[in-house]
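Engineer: Sequence:
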Amino acid sequence: MLGPAAGLFRSLGDPNRLALLRRLAVGEARVVDLTAELGLAQSTVSKHLACLRDCGLVDYRVEGRQSFYTLTRPELNDLLRSAEALLAATGAAVALCPTYGAEETR
1 MLGPAAGLFR
11 SLGDPNRLAL
21 LRRLAVGEAR
31 VVDLTAELGL
41 AQSTVSKHLA
51 CLRDCGLVDY
61 RVEGRQSFYT
71 LTRPELNDLL
81 RSAEALLAAT
91 GAAVALCPTY
101 GAEETR
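Counting along the sequence shown from 1, when you hit position 5 you're at 5 in this note's numbering, and nothing is skipped either side.
Just so you know, the hints here were simulated from the structure itself, not pulled from any lab data.
Predicted, not measured: the structure shown is a model, and the values here were computed from it.
Built from N, CA and C at the ideal position, the CB exists for glycine as well.
Wrong hints could be hidden among the right ones.
Unchecked claim - Simulated DEER-style distance windows between Cβ atoms:
(1) E63 x V94: 36 to 44 Å
(2) Q66 x L86: 30 to 38 Å
(3) G7 x F68: 20 to 28 Å
(4) R61 x G3: 25 to 33 Å
Let's have the full structure, built from the sequences with the hints guiding it.
Structural biologist: Right, here's the structure in full:
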């Protein structure tokens, strides 16, 4: 039964996807807004939004020729806040973890 939970955390395991989710937690945004605010290429934002859509974490609405992306579940805000609290409580332990923390610097 841990497979779906592992899949969820894998979907959250990319820094760009986390940045997108944190931004969308503030409110809906268009791809052009996300690229400007996060400093990412349009193709990168679109690719990660597609992944998050496939996971059911974000959705969009169309208005004219524009798509506005938003989080689908308010529980995601709680999860992100809990993760930030856990990281604050553990300090740099996760970043220094030889298995996972070192992966970010490679």
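Engineer: A separate judgement is required for each hint: does it hold in the structure or not?
Structural biologist: Here is how each hint holds up against the structure:
{"no.": "1", "hint": "E63 x V94: 36 to 44 Å", "verdict": "holds (39 Å)"}
{"no.": "2", "hint": "Q66 x L86: 30 to 38 Å", "verdict": "holds (36 Å)"}
{"no.": "3", "hint": "G7 x F68: 20 to 28 Å", "verdict": "holds (26 Å)"}
{"no.": "4", "hint": "R61 x G3: 25 to 33 Å", "verdict": "holds (31 Å)"}
Violated hints: none; the structure is consistent with every hint.
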